[in-house]
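So you can see what is in the structure, the chains are spelled out below.
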Amino acid sequence: MTDPAPRPADHAPPLPQQMRMVEAILFASGQPVTLREIEARLPPGCDPLGAVEELRRAYAGRGVVLERVGDGYAFRTAPDLSFLMQAETVEQRRLSRAAIETLAIIAYHQPVTRAEIEDIRGVAVNRGTLDQLIEMGWVRVGRRRMTPGRPATFVVTEVFLDHFGLESARDLPGLAELRAAGLLDSRPVAPGLHMPLVPGDGDDDIAVVHDAFDLSKDDRP
Amino acid sequence: MTDPAPRPADHAPPLPQQMRMVEAILFASGQPVTLREIEARLPPGCDPLGAVEELRRAYAGRGVVLERVGDGYAFRTAPDLSFLMQAETVEQRRLSRAAIETLAIIAYHQPVTRAEIEDIRGVAVNRGTLDQLIEMGWVRVGRRRMTPGRPATFVVTEVFLDHFGLESARDLPGLAELRAAGLLDSRPVAPGLHMPLVPGDGDDDIAVVHDAFDLSKDDRP
Amino acid sequence: MARLPADIPYLRPVPDADTVARRQADELLIVDVDGYEGPLDLLLTLARTQKVDLMRISVLELAQQYLDFVEQARTLRIELAADYLVMAAWLAFLKSRLLLPPDPETEGPSAEDMAAHLAFQLERLGAMRQAAARLMGCNRLGIDRFARGMPETVARTRRMEWQAGLIDLMRAYARLRTRDEFRPYAFDRRDVFTMEQALDRLRGLVGEAADWTDLAAYLPDGWQSQPGRRRSATAATFAASLELARQGRIELRQTDAFAPIRLRRKPLDSDPP
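Chains as they are written, first to last, in our numbering: chain A, 1 to 221; chain B, 1 to 221; chain C, 1 to 273.
Just so you know, the hints here were simulated from the structure itself, not pulled from any lab data. The beta-carbon is built from N, C-alpha and C at its ideal position, and this holds for glycine as well. One should not assume that every hint holds.
Stated by the list, open to error - Quick look at which bits of chain A chain C covers, simulated, 3 or more residues with Cβ under 8 angstroms:
1. 74-87
2. 91-102
Claimed, not checked - Only part of the chain A face toward chain C is listed, based on derived beta-carbon distances under 10 angstroms:
3. Y59
4. F164
5. S168
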């Protein structure tokens, strides 16, 4: 630009319009834009620095701020709102059969040792199953049993009671009530019809092992 | 946890702060964000619709405006400033005349079956034309029509609305006049009235011939 | 590629000059015919030359225009796609119906209805063309309006929420505590030989039994040594032999209580007495 420079005010759009232009340019640009670039894109006679500074003031304290980045300018999320740039997706999963059975035993028999849980379930309790329940906050380690080996016991937590809408673990319905509620719809097989059984517990063992593997994997976020 | 839920207003941030948050969320996204998504990211008890609408008013007439797109919202530069945006202008994929007409018919007549599109255009719809529109994300398959053969219908998407700057399909230009003139009526055509449409369903040979016609001329803007 | 000017939609007359020019002109003509997107498009172009509202178009005149077009193409040895010819036939039919006094015997829509519908179709196609143009004239993203150039990525974290209800818990416990009370009914089919199996087997074998044979000889392999399997196979084979005897295919004989049961096929007429 040679002198005598054209008098800007004569031809240039008014400042609010210049601010609109700068706003749009900075918004749409894929990288910070320098004053020189802004000037090249604005109509002749504009005042890029004045428009940028005015715009910067207008955005002060808002959700988006106009920042100086290197020798350019760019819009950025206000630093205090960066937590909004995280989205949490909640994934709902059903508990494995091993986990829910273990949980049920702890709830009904607490405090209960691992050996006792295994005795009731009839299969080994995988460490991962208990870990999962503890990590979920539904089960915690209670006092050690005063027996040889001083084994740890497990109890359910307040979080558990909260989730299941119970005041205390004593509120869990007993077997008789379960039967009355139709949850134990057992029709004992008439003795005469009883056929020799193929022992089926082996399957259960395998199932438990699989569950445990799944859980140990899936727990990682 | 049943009654009484905590009163949202007690804990939610004040409206200007909610507006800042919505502003940050929408500014950060290249695509429209739905109210539901906004709500999921705001602290509990906020009023996303109120904040969005307030924000929209605040941005009216600025260089960047808050647009409503279907169920979502997005910031876009004001259309009158497009002349500043040569640097950002995206090379648009050239659409054939057949594709543009098919798109318009889907937009104005949706949900519309392929047979209906062919009836309006008087030529077979090339499979590639629909595929292209679907691939661009402007058209998707809607519900099947509950008529013999249960034909698929086609509808336009939110990406379409966003691209053409429409709040909803009701805002298509000239829609009201077309409807008033009865030109959008889907009138079941009596067999004898119908003028001949040679190519049948999926008649690829003929479709290819038509496509060749399209290409010979429509690639020019 | 030039479409024909809207007000002269006919094929261009071929200059009777040298052959090269003629060939070039011919090629141009072919291109021009191809320039129409089907017969309806051609009709719409022809209709526009009438310079009246499409709903008040003279369909009779339009039909004639179209037929002239097709005739001209034919004299220029231009091959028209089949659908152009089908349309020509239909329009010729429509034209004749429009010209003749209505025949009260004729079923179906009247010629006027057909003409009105054609006019409607042309108007609708024209309207959609216009709508398409207006649509493309909207403020388009990436041309007139622009999205944020530096979108910020939203960090997604996944949180697992475990679902389990009180019912699940109680069911699980009930299942464990009553496991010894009942077992699912399981029927072991491995060691059971059914009567159907025995019948199938016996039918195939008795044809050979012209002489009295011990039933025990018909037990299948693998079912003879183990007592349980032998019992099942014997019972099934015996029941099957009763069925075949009832059908008159075999005869049974037992000389004494607990004596072996023997069978033979029913003697045929051809057998020696």
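Results of checking the hints against the structure:
Requiring three or more residues with a Cβ within less than 8 angstroms of a Cβ of chain C, the coverage given for the segment 74-87 of chain A holds, as 6 such residues are present. For the segment 91-102 of chain A, the assignment as covered by chain C holds, since 8 residues bring a beta-carbon within under 8 angstroms of that chain's beta-carbons and 3 suffice. For Y59/A, the interface hint is violated, the least distance from its beta-carbon to any beta-carbon of chain C being 14 angstroms, above 10 angstroms. Given the 10 angstroms rule on beta carbons, the hint for F164/A holds: about 5 angstroms separates it from the nearest Cβ of chain C.
The criterion of a C-beta within 10 angstroms of any C-beta in chain C is not met by S168/A, whose closest approach is roughly 14 angstroms, and the hint is violated.
Consistency note: the structure conflicts with the earlier hints numbered 3, 5.
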